[in-house]
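Asks: Sequence:
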Amino acid sequence: MKKKILIIGGTAFVGRVLLEHLLQLGGYEITLFNRGKTNAGLFSGVAQIHGNRETDDIKLLANKNWDVVIDFCGYYPLSLQKIVDTLRGRIGRYIFVSTGSVYDLEQIGEQTITEDSLLYTCSDAEKIDHSMETYGKRKVACEQVLLDAKADIDPIILRPGVIYGQYDPFDRHYYWLYRIQQQGKILVPTGSENLSSHTFVNDFAKIVTRAIDVPTHSNIYNTTTHPIISFSEMLDSMSRALNKKPTFVHADVEFQEEAEIEPWSDLPLWINGNFFMVDSSRVLNDFGLEMTPLDESFRLAAEYYASKQWYIPKSGMTLDEEKDYIKILLYS
Numbered sequence: 010m011k012k013k014i015l016i017i018g019g020t021a022f023v024g025r026v027l028l029e030h031l032l033q034l035g036g037y038e039i040t041l042f043n044r045g046k047t048n049a050g051l052f053s054g055v056a057q058i059h060g061n062r063e064t065d066d067i068k069l070l071a072n073k074n075w076d077v078v079i080d081f082c083g084y085y086p087l088s089l090q091k092i093v094d095t096l097r098g099r100i101g102r103y104i105f106v107s108t109g110s111v112y113d114l115e116q117i118g119e120q121t122i123t124e125d126s127l128l129y130t131c132s133d134a135e136k137i138d139h140s141m142e143t144y145g146k147r148k149v150a151c152e153q154v155l156l157d158a159k160a161d162i163d164p165i166i167l168r169p170g171v172i173y174g175q176y177d178p179f180d181r182h183y184y185w186l187y188r189i190q191q192q193g194k195i196l197v198p199t200g201s202e203n204l205s206s207h208t209f210v211n212d213f214a215k216i217v218t219r220a221i222d223v224p225t226h227s228n229i230y231n232t233t234t235h236p237i238i239s240f241s242e243m244l245d246s247m248s249r250a251l252n253k254k255p256t257f258v259h260a261d262v263e264f265q266e267e268a269e270i271e272p273w274s275d276l277p278l279w280i281n282g283n284f285f286m287v288d289s290s291r292v293l294n295d296f297g298l299e300m301t302p303l304d305e306s307f308r309l310a311a312e313y314y315a316s317k318q319w320y321i322p323k324s325g326m327t328l329d330e331e332k333d334y335i336k337i338l339l340y341s
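Positions in the sequence shown are counted from 1; adding 9 to them yields our numbering.
Possibly wrong hints are sitting among the right ones.
Unchecked claim - DSS-like cross-link-like pairs, simulated, lysine-lysine; straight-line CA separation at most 27 Å:
| id | residue 1 | residue 2 |
| --- | --- | --- |
| 1 | 194 | 336 |
| 2 | 332 | 253 |
| 3 | 12 | 91 |
| 4 | 159 | 254 |
| 5 | 73 | 159 |
| 6 | 194 | 12 |
| 7 | 13 | 46 |
What the hints assert, rightly or not - Label-pair distances were calculated between CB atoms; the ranges are:
| id | residue 1 | residue 2 | range |
| --- | --- | --- | --- |
| 8 | 319 | 30 | 46 to 56 Å |
| 9 | 11 | 94 | 23 to 33 Å |
| 10 | 159 | 318 | 42 to 52 Å |
| 11 | 337 | 317 | 30 to 40 Å |
| 12 | 318 | 160 | 46 to 56 Å |
| 13 | 272 | 160 | 43 to 53 Å |
It is worth saying that the hints were derived from the structure and are not from the lab.
Bear in mind that the values here come from a model prediction, so they are computed numbers and not experimental data.
Just so you know, even glycine gets a beta-carbon here, dropped at the ideal spot from N, CA and C.
When you get a sec, could you build the whole thing from the sequences and use the hints?
Replies: Okay, here's the thing in structure tokens:
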């Protein structure tokens, strides 16, 4: 008998990749619940219920049974509590896509992050706040809703890092792939030995798929998909994937500050320090999965962007700004 799966979201980025993966595998009876606004024409052959989870539309899910719920867009604990209450007794497993932003990185410092590392706390006022400043805190509160309901549901909480790959709307990794593809000289920050963790969307989809059926499991998993790497290792891997040999022009912190180059916003994925160094050994061990080699993951991502004609990325500084900075660095 096919497992009945309810996917909340499923048409934007990570959920879209997962749904394509599940449809390719076959063997599942899938229903989507979303507002019907993002990529509305996709997956016309899949059963869909359109509604807003932050309203009484949640009642549209009542009186139906699913073996598994996969929730990609749970941002507010109060509405998640309503979903849990509505589906209580009608579902088996609840797979919740959380975030690495639940960790209090300021307190953790440069320690490697495990599932037991320190989390943020979330006040009642923050639970209903709509700003990005409380995003991680609200996710902590969402996780707690599911953990408190363990007597009635079987929760698996996944905490990915910065996700990259096809359909990525943020263009943070793509910024660097685009630079390497388009230019001979690329402005990069000095200190590229700084470390971080990343999540490839195709591998994350494999993790979620395995979570549907894995017989025994923990409740919480970090889900970065590659070992911790340095910023320069990431760039070198991208260069190999694209078969390019760019010249990296290094800008030290003093130059960045004088030029008002902002970490992360102007130089995506860069914060002038180690960032989000995560141990994901638990999910690899429990789920028995092998991840895509790093170079291959960037090659597959580049293949997708090539199909989109290498559009100008939304993230980071402009090409003209970068060229001006490179001229100053090389010829001043």
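Asks: Hints first: check each against the structure and report whether it holds.
Replies: Hint check:
no.	hint	verdict
1	194 with 336	holds, 10 Å
2	332 with 253	holds, 19 Å
3	12 with 91	holds, 24 Å
4	159 with 254	violated, 52 Å
5	73 with 159	holds, 20 Å
6	194 with 12	violated, 51 Å
7	13 with 46	holds, 24 Å
8	319 with 30: 46 to 56 Å	violated, 25 Å
9	11 with 94: 23 to 33 Å	holds, 27 Å
10	159 with 318: 42 to 52 Å	holds, 48 Å
11	337 with 317: 30 to 40 Å	holds, 32 Å
12	318 with 160: 46 to 56 Å	holds, 52 Å
13	272 with 160: 43 to 53 Å	holds, 44 Å
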